[in-house]
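Please build the complex by placing chains B and C on the supplied structure of chain A, with the hints as guidance.
Protein chains in written order, with this note's numbering: chain A, 1 to 358; chain B, 1 to 140; chain C, 1 to 384.
Accuracy of the hints is not assured; some may be wrong.
[What the hints assert, rightly or not] Quick look at which bits of chain C chain B covers, simulated, 3 or more residues with Cβ under 8 Å:
no.: 1; stretch: 109–122
no.: 2; stretch: 195–202
[Said to hold, decoys possible] Pair by pair, the computed Cβ-Cβ distance ranges are:
no.: 3; chain 1: B; residue 1: Q68; chain 2: C; residue 2: Y153; range: 26 to 34 Å
no.: 4; chain 1: B; residue 1: E81; chain 2: C; residue 2: P158; range: 29 to 37 Å
no.: 5; chain 1: B; residue 1: G83; chain 2: A; residue 2: P297; range: 53 to 61 Å
no.: 6; chain 1: B; residue 1: E81; chain 2: A; residue 2: S34; range: 40 to 48 Å
no.: 7; chain 1: B; residue 1: P22; chain 2: A; residue 2: V356; range: 50 to 58 Å
no.: 8; chain 1: B; residue 1: H61; chain 2: C; residue 2: E221; range: 51 to 59 Å
no.: 9; chain 1: B; residue 1: E81; chain 2: A; residue 2: T347; range: 46 to 54 Å
no.: 10; chain 1: A; residue 1: Q264; chain 2: C; residue 2: Y153; range: 52 to 60 Å
no.: 11; chain 1: B; residue 1: E81; chain 2: C; residue 2: E275; range: 44 to 52 Å
no.: 12; chain 1: C; residue 1: G56; chain 2: B; residue 2: H61; range: 21 to 29 Å
no.: 13; chain 1: A; residue 1: G158; chain 2: B; residue 2: D118; range: 21 to 29 Å
no.: 14; chain 1: A; residue 1: T341; chain 2: C; residue 2: V355; range: 52 to 60 Å
If you're looking for bench data, these hints aren't it; they were derived computationally from the structure.
C-beta: ideal position from N, C-alpha, C; glycine also.
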Amino acid sequence: MTDKSTDNLLLKPSRPVGIVGYGAYVPRYRLPASEISRIWTGGTGGVPIQEKSVPGPDEDTATMSIEAARNALARAGIDPEEIRAVWVGSESHPYAVKPTSTVVAEALGIVPFTQAGDWEFACKAGTEAMVAAMGFVGSEMAEYALAIGMDTAQGRPGDALEYTASAGGAAFLIGPAEESVAVIESTLSYVTDTPDFFRREYQKYPEHGQRFTGEPAYFKHITSAAQAYLDATDTVAEDYQYAVFHQPNTKFPGRVAAQLGFSQEQIAPGLLVPVIGNTYSGAAIIGLTAILDVAQPGDQVLMVSFGSGAGSDAFGIRVTERLLERRDLAPQTQAYIARRTEIDYATYTRMRGKLVLK
Amino acid sequence: MEIPRHWRLKKQRYALVGEVCPHCEAKIFPPRDVCPECGDEAKTLFEFSGRGEVYSYTTLHNAPAGYQAYAPYTVALVKLEEGPMVTAQLTDIDNQPVEVGMPVEMVTRKLRAEGDDDRGMLVYGYKFRPMELQPLAAAD
Amino acid sequence: MDVVIAGIGQTSVGEHWHVSLRELAFQAIEAARVDAGGLLPQALFVGNMLAPKVSGQAHLGVLIADFAGLRGIEAYTIEAAGASGGAALRAGYLAVKSGFVDVALVVGVEKLTDKVGPEVESAIATSLDSDYEAVQGVTPLAQAAMIMRRYFYEYEVPQNALAGFPVTAHANGVGNSHAMFRKALKPGLYERVGMLSEPLNMFDAAPDADGAAAVLLTRAELIPPDASPTPVRIAGSSIATDTLSLHDRPDPLDFRAARISVGQACHQAGIVIGEMDFFELCDIYSVYAALSLEAAGLAERGQGWVLAEEGQISLKGRIPISTLGGVKARGNPWGATGVYQVVEAVQQLRGEAGVNQVPAAEKALVQCLGGPASTAVTHVLTAL
Chain A
1 MTDKSTDNLL LKPSRPVGIV GYGAYVPRYR LPASEISRIW TGGTGGVPIQ
51 EKSVPGPDED TATMSIEAAR NALARAGIDP EEIRAVWVGS ESHPYAVKPT
101 STVVAEALGI VPFTQAGDWE FACKAGTEAM VAAMGFVGSE MAEYALAIGM
151 DTAQGRPGDA LEYTASAGGA AFLIGPAEES VAVIESTLSY VTDTPDFFRR
201 EYQKYPEHGQ RFTGEPAYFK HITSAAQAYL DATDTVAEDY QYAVFHQPNT
251 KFPGRVAAQL GFSQEQIAPG LLVPVIGNTY SGAAIIGLTA ILDVAQPGDQ
301 VLMVSFGSGA GSDAFGIRVT ERLLERRDLA PQTQAYIARR TEIDYATYTR
351 MRGKLVLK
Chain B
1 MEIPRHWRLK KQRYALVGEV CPHCEAKIFP PRDVCPECGD EAKTLFEFSG
51 RGEVYSYTTL HNAPAGYQAY APYTVALVKL EEGPMVTAQL TDIDNQPVEV
101 GMPVEMVTRK LRAEGDDDRG MLVYGYKFRP MELQPLAAAD
Chain C
1 MDVVIAGIGQ TSVGEHWHVS LRELAFQAIE AARVDAGGLL PQALFVGNML
51 APKVSGQAHL GVLIADFAGL RGIEAYTIEA AGASGGAALR AGYLAVKSGF
101 VDVALVVGVE KLTDKVGPEV ESAIATSLDS DYEAVQGVTP LAQAAMIMRR
151 YFYEYEVPQN ALAGFPVTAH ANGVGNSHAM FRKALKPGLY ERVGMLSEPL
201 NMFDAAPDAD GAAAVLLTRA ELIPPDASPT PVRIAGSSIA TDTLSLHDRP
251 DPLDFRAARI SVGQACHQAG IVIGEMDFFE LCDIYSVYAA LSLEAAGLAE
301 RGQGWVLAEE GQISLKGRIP ISTLGGVKAR GNPWGATGVY QVVEAVQQLR
351 GEAGVNQVPA AEKALVQCLG GPASTAVTHV LTAL
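Next comes chain A alone, as it looks inside the complex (with noise of 0.2 Å):
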């Protein structure tokens, strides 16, 4: 295992490939910090971040995940039953047992001749199923398959995570890099078994692995696969313009940014924590989308994701000419942001089904 050289630890498909088409969602709803802390300390004590976005209630990862493949769908201007994978990472499924994936796929018109699955790495989901994509792709068993991060994660009231746990996502149509708006030039993860964070069957609510969360779970995950990502693509900080790294709060991914060498500017456009809240499986790849909105072509991006118990996939993205003429096709992360209506805490606990009704 150790004498692995870092040459060798890069995932780089045979065929180049890139992201097709990429779309963003955040549902309207915000609940801001000072609420939660109203309830719960009295407005006491500082706050993580601003606000976080909420659910309506009639949506789930489902549909949230049907609206952001519909987004990168209108970018990619293909035919739906080119694509052969649909692929959604979450860890809120609506269903323990039946996949999301069948749900977008068929809402999309990608059924029947297609793969159809359900991912589940607490935060990095989403990353996953990029990756498995990109081998799909790489590989020529297929000429797209699509990829999804998607949650509605739950803290337990008046637990740390419920200021944070938020609703969101994106979704990557993955093809031949050719057809791109921005190549993945390779990838590379980094894993162990690291009790941070878990949620055992049938319950509701996460637990913390006591204090596992920052340092050997977030940071330790983080800087692994990033350092061993740019010493593999013998690249520096300075090469990217843009970097986004897993954001469960403000301060962790400013905090790695600035160990791994990279400015705050760099990781400024994709850095959506502070208004919607941690998107769990949508964090890293919802502040990527942000990232295309604004990037122009030649642009390169380090993308890190996390995902508790515990590992992190690096990702070398290069921005291509054609994503001028693809990104205004739908809206824009931003405009998601925008669209904020603010809600109390109790009409939070309504929204996500907090108040026992029988």
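Same frame as chain A, now just chains B and C:
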């Protein structure tokens, strides 16, 4: 439980798939196989754009069984840009004023759970929301 | 050959917690048979909409025939949502008119207060298109509210313009001992009352209730010349249908089926609409009363409300409606409503309407609707 009936309608429900009459080009939703315009057979599938405008609307407070969790909610007659009218809920409207003529677009949302709210199959289908998230450009 | 109504019966409309579906129907049947002097029916037609959903009871024909001591006769249910009662009358009319049946018994019965709230709402919503309307959580009331909003929008109707319909109905309900509401509306109350489903307020909708009404039909020649009470003739009978779904109509404010069935019934009777002495229409929602007046040709499109505003629909007006309270004040026992309307029209034509008597009433137009005139049943009744 009525799983088969929701299942067989999924294309219409999820994506507004109706029909276009091969004889007179009339767009038909819900699909009815006989063109209401010319009376000829019409079975060619047609996916509607999902754009339309509010023809009329109201807010329901006394919800039927299975919909109480969503009440109060707003329902509307929506005139699709291709011609047909559909009955559907409006969503994502909050306290925004709804008006006759307001442009709306289709989204796929949860309609209800079949049977038990927590255990039953989820029924997804079209709803409409104010057209406020427009792409900056249109596809050719 | 004339088909006549030889007897009528009705229960009061309300929450009959102590009376079952079969007992309710029987009470109306008994009253009608007594009224008709003991005519023995060979066929029973039951108008009912909700029993399978609310009472878990289908097969009402045999249930009621058996309970009413009519075991063995032809009997079945006719269902056409809110027009079930009218449709049952039509079936009875056809049976007698064809000569196959000498005496037909028609009973409309609804027993819906055994359930309340969301279950009743979803039972009533089964009258909509289940796959494309009800699945969206829409109810008949919500549909009426949407029609009302569009009516106000399209014709630029002033606010509270429909007030005259419930005001007239409640004023007339005072004099009907079978009515659910027997109090006139205080002036200004309509304008202040709470919304049910905006813009439709609490007085724009009829209350759901239990009730049963019955009529006995026979051929005129089977009645002795000196029979008392005087039989009433069914001079015209018609059912027409529109699209089931409101959204499938080119013009949702045009009650096309109502228009067609009025035309057919009047044509059959040889009576033009202007000659009618009164009109028992479907005022389950006040906007439906306006649209029914327009469909019948008694008002221009978008002007039906003016008749109410000008008092032309009151007992002494040009075209009285809801003369014994209408659906609004008498109450709405869904599948029974169409039979109640006919019973009330017969009371008027016999001159038995008491303080509610329409002067010199000889020709009546009676119409019930299933849904927003998805089904319309119209009868023309005349004093012999």
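Now the hints, each set against the structure:
1. Three residues within the 8 Å Cβ limit are the bar, and the stretch 109–122 of chain C against chain B gives 5, so the coverage statement holds.
2. Counting residues of the stretch 195–202 of chain C whose beta carbon lies closer than 8 Å to any beta carbon of chain B gives 5, which meets the minimum of three for the stated coverage.
3. About 29 Å separates the C-beta atoms of Q68(B) and Y153(C), a value consistent with the hinted range of 26 to 34 Å.
4. Against the hinted window of 29 to 37 Å, the Cβ-Cβ separation of E81(B) and P158(C) comes to about 32 Å, which satisfies the hint.
5. Look at G83(B) against P297(A): about 41 Å separates their beta carbons, and that is not inside 53 to 61 Å.
6. Checking the proposed 40 to 48 Å range against E81(B) and S34(A) shows it holds: the Cβ atoms sit about 42 Å from each other.
7. Evaluation of the 50 to 58 Å hint for P22(B) and V356(A) yields a pass: the beta carbon distance comes to about 54 Å.
8. Separated by about 55 Å at the C-beta atoms, H61(B) and E221(C) satisfy the suggested range of 51 to 59 Å.
9. Taking the beta carbon of each, E81(B) and T347(A) are about 33 Å apart, not inside 46 to 54 Å as hinted.
10. As the Cβ distance of Q264(A) to Y153(C) is approximately 53 Å, the hint placing it in 52 to 60 Å holds.
11. Checked against the given bound of 44 to 52 Å, the beta carbons of E81(B) and E275(C), roughly 47 Å apart, stay inside it.
12. Between G56(C) and H61(B) the C-beta distance comes to about 27 Å, which sits within the given range of 21 to 29 Å.
13. For the pair G158(A) and D118(B), the supplied restraint of 21 to 29 Å holds, since their beta-carbon distance comes to about 23 Å.
14. Range check, T341(A) to V355(C): Cβ separation about 56 Å, and the 52 to 60 Å hint holds.
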